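Trainee: Next come the chains, spelled out residue by residue.
Number of protein chains: 2
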Amino acid sequence: MALNPNLPKTANSGIPSPGGPDWMDFVVLLKSGDRAALGRALTLVESNLETDRPKASALLDVLSSSAHTAFRIGISGIPGVGKSTWIETYGMRLLEQHPDARLAVLAVDPSSSVRGGSLLGDKTRMEKLSVHPRAFVRPSPAGTSLGGVTWGTRDAIALCERLGYTHVLVETVGVGQSETAVHDLVDCLVLLLMPASGDGLQGIKKGIMELADVIAVQKADGPLMEAAQQAASDARAALRFTALEENAWTVPVLTVSALTGGGMDALDDALDRFRRHALASGRWNDRRIMQRKKAYWEGLQRGLWDLFENQPGIRSEWDQHAQDVLEGTVDPRVAVERALELARRKA
Amino acid sequence: MALNPNLPKTANSGIPSPGGPDWMDFVVLLKSGDRAALGRALTLVESNLETDRPKASALLDVLSSSAHTAFRIGISGIPGVGKSTWIETYGMRLLEQHPDARLAVLAVDPSSSVRGGSLLGDKTRMEKLSVHPRAFVRPSPAGTSLGGVTWGTRDAIALCERLGYTHVLVETVGVGQSETAVHDLVDCLVLLLMPASGDGLQGIKKGIMELADVIAVQKADGPLMEAAQQAASDARAALRFTALEENAWTVPVLTVSALTGGGMDALDDALDRFRRHALASGRWNDRRIMQRKKAYWEGLQRGLWDLFENQPGIRSEWDQHAQDVLEGTVDPRVAVERALELARRKA
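Those protein sequence lines, which keep their order, are chains A and B. Residue numbers 3 to 349, in our numbering, belong to the letters of the first sequence in order. Residue numbers 3 to 349, in our numbering, belong to the letters of the second sequence in order.
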């Protein structure tokens, strides 16, 4: 079933209007597994355009009755640690060993990227996965903002899950803020480490280690084997410093080589154990509920903010008060009172 | 100079109205170092009453021309680590060695305290400090909320600073959230550790180690000396795992005994070095500016939220949408759209 090329299109996605005659055709096409339709649906939910919002909501709503559940896995690690190679190896093993598995690979691309360009823009880094019939590799959308609320990536994950993908991998670039954001989007965060130890050689930002559910030291092959094992030992020692809550998951630290496949069996086991532990303890469900609540309340807070900020004159006056605060001439509390007075008059 | 007992009083603080005939008398009294006046001023800025806000703002505003600058130090550590003993020892040494020093001791008391009662409620824990003429020990206000914005403690610190206190110590209970909050309020965060090592014995919550500027293992005396040194060595190893930014401060890990005073000289040195490093590198000023900006924007966001939330019917409808999200029947983005529609009509 092909879409009528003469349909009215949105600026971004080429998806018919909700409720219109072609809307359900598109939904059926999407549900059938059509990759082009999925690509357009992702473009829609990732869109920042105000005009695309109602349509994105309608799409999520029409799919919300889906009973599919995916294992959402975040992959984090500094540039050069081998995230793409790891995803290619992990993904191909998964699809070969589980004939029912379907894998989607997405990326969180912080807007303040120092590197420029999209993370997965070079699809050839996942040569086999990107052409596998049961995999969908999504190049990172350019310019997606990653503030407090990450509707784009959040909804992209939900979309893939509802369409029956059994595994959704979310790659992040290791710049700190994106890890915190992705932690709120996945069931399990895998942190990849370098086979290097001590004195900050890992290049890990503060607070990232604490977010990981499974840690794997990469490149544990050939001459780097020993360094990888030392790094794993150091990471275990660092983790032992933090208190464990009752019945908490003990974060395993493994060594793997995505290149040779060494250690990948143990990693599969660790992910399986994590999943079973999280399901049995109720933490799986708790985490998803917490994530949904956070998305709702933070989204609402952001939405209310936008209601004011977009009114003429407000933002520039707010910025003026911020400047006073920055220069230290006005106390923050006093400045807030003044800024709110303005908002009260405009509300 | 005594306040006229027949003055009109606010519910909370007994402070005359701004602009009224007795207002400047009170300000002069406060500036003269009167402790009772300071106590009432702190009660005012810590008040959560809507009606106290304009007066608290006026007080901060009238003092804002003060050129005094204090060294704001946060003290964190789990219950039993000896925070009060440490403050008593540190404070008395400071006052004895520096005749010009004036010390204020405040506390951040998370509203969700599991322990009940106020942190510093038992002033006798700081026997010498609490009666020292150049010290002011503030019992923690009961029921102070510690959400995203901590006006109360924030303004209390600002007040003490503007009244000429050279050092402001802020004690936190080690429950995670309060450390993050206090980190946004101080120039330097000191983390006290137990003389115990490995497997979470420290009882530190995830992410706290990363906030510390100076770490000291307490109770390094008598039979615990060796355990304290081992704990310090473990802490150093754990810290080495995180990447350092350029020109970053290397967090020193010391061993001290607040009981015997052992190691307190080295700790003084560490705090001095931190202060000089922060001033010379510009980080001191950057951190204060960042804190003020955060207080302003977060306070504004919270204020806008309150504008809506306090309108009849809004909160209950928002909670209903939240319940739908929690149960998984409605997508968070869809729920936010619906909740915003309601706010738009009410705005």
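Just so you know, not all the hints are guaranteed correct.
Stated by the list, open to error - Here are the computed lysine-lysine pairs in the DSS-like style, where the Cα-Cα straight-line distance is at most 25 Å:
1. A/208 / B/33
2. A/296 / B/207
3. A/207 / B/130
4. A/296 / B/295
5. B/130 / B/208
6. A/207 / B/295
7. B/33 / A/296
8. B/296 / B/207
9. B/208 / A/208
What the hints assert, rightly or not - Okay, the calculated beta carbon distance ranges per label pair:
10. A/249 / B/325: 22 to 32 Å
11. B/252 / A/261: 27 to 37 Å
12. A/51 / B/329: 29 to 39 Å
13. B/344 / A/314: 15 to 25 Å
Claimed, not checked - Here are some chain B residues the structure puts well away from chain A; computed CB gaps all over 12 Å:
14. 21
15. 26
16. 58
17. 87
18. 100
19. 127
20. 130
21. 204
22. 225
23. 263
24. 293
25. 296
26. 308
In short, the hints are calculated from the structure, not lab data. Here the structure is a predicted model, which is why all the values come from computation and not from measurement. In this text, a Cβ means the ideal position worked out from N, Cα and C, and glycines have one as well.
Trainee: Next step is simple, just say for each hint if it's right about the structure.
Mentor: Hints, verified against the model:
Taking the CA atoms of residue 208 of chain A and residue 33 of chain B, the gap is near 41 Å; set against the 25 Å cutoff, the hint is violated. Of the supplied pair hints, the one linking residue 296 of chain A and residue 207 of chain B holds, its CA atoms being roughly 21 Å apart against a limit of 25 Å. Restraint check: the Cα-Cα separation between residue 207 of chain A and residue 130 of chain B comes to about 42 Å, which exceeds 25 Å; the hinted pair is violated. Proposed proximity of residue 296 of chain A and residue 295 of chain B is supported: the alpha carbons are some 24 Å apart, at most 25 Å.
For the proposed pair residue 130 of chain B and residue 208 of chain B, the alpha carbon gap of about 34 Å is over 25 Å, so the pair is violated. Of the pairs offered as hints, the one joining residue 207 of chain A and residue 295 of chain B holds, with about 23 Å between alpha carbons and a cut-off of 25 Å not exceeded. As the CA atoms of residue 33 of chain B and residue 296 of chain A are separated by approximately 44 Å, the hinted pair breaks the 25 Å bound. Our distance criterion of 25 Å between C-alpha atoms is met by residue 296 of chain B and residue 207 of chain B, whose separation comes to about 24 Å.
For the suggested pair residue 208 of chain B and residue 208 of chain A, the alpha carbons sit about 11 Å apart, so the restraint of at most 25 Å is met. Take residue 249 of chain A and residue 325 of chain B: their Cβ atoms lie about 27 Å apart, and the range 22 to 32 Å holds. Range check, residue 252 of chain B to residue 261 of chain A: about 35 Å between beta-carbon atoms, so the 27 to 37 Å window is met. One distance hint, 29 to 39 Å for the beta-carbon pair residue 51 of chain A and residue 329 of chain B, holds here, with the actual separation near 30 Å.
Hint check: residue 344 of chain B to residue 314 of chain A, Cβ distance near 24 Å, so the stated range 15 to 25 Å holds. No beta-carbon of chain A comes within 12 Å of the beta-carbon of residue 21 of chain B; the shortest separation is about 15 Å. Under the 12 Å C-beta cut-off, the non-interface status given to residue 26 of chain B relative to chain A holds; the minimum distance is some 18 Å. At roughly 7 Å from the closest C-beta of chain A, the C-beta of residue 58 of chain B falls inside 12 Å, breaking its exclusion from the interface.
A cut-off of 12 Å between C-beta atoms confirms that residue 87 of chain B is not in contact with chain A; the least separation is 22 Å. In this structure residue 100 of chain B is separated from chain A by more than 12 Å, as the shortest Cβ-Cβ distance comes to about 26 Å. Distance check on residue 127 of chain B: its Cβ is at least 24 Å (rounded) from any Cβ of chain A, clearing the 12 Å threshold; non-interface status holds. No Cβ of chain A comes within 12 Å of the Cβ of residue 130 of chain B; the nearest lies about 33 Å off, and the non-interface call holds.
With a minimum CB-CB distance of about 6 Å to chain A, residue 204 of chain B fails to clear the 12 Å threshold, and the non-interface call is violated. Residue-level check passed: residue 225 of chain B sits 23 Å from the nearest beta carbon of chain A, beyond 12 Å. Under the 12 Å C-beta cut-off, the non-interface status given to residue 263 of chain B relative to chain A holds; the minimum distance is some 27 Å. Against the 12 Å criterion, residue 293 of chain B falls within the reach of chain A, whose nearest CB is about 9 Å from its own CB.
A beta-carbon of chain A is positioned within 12 Å of the beta-carbon of residue 296 of chain B; the least distance is around 9 Å. The Cβ of residue 308 of chain B sits about 9 Å from the closest Cβ of chain A, inside the 12 Å cut-off, so the non-interface label is violated.
Checked against the numbered hints above, the structure breaks hints 1, 3, 5, 7, 16, 21, 24, 25, 26 and satisfies the rest.
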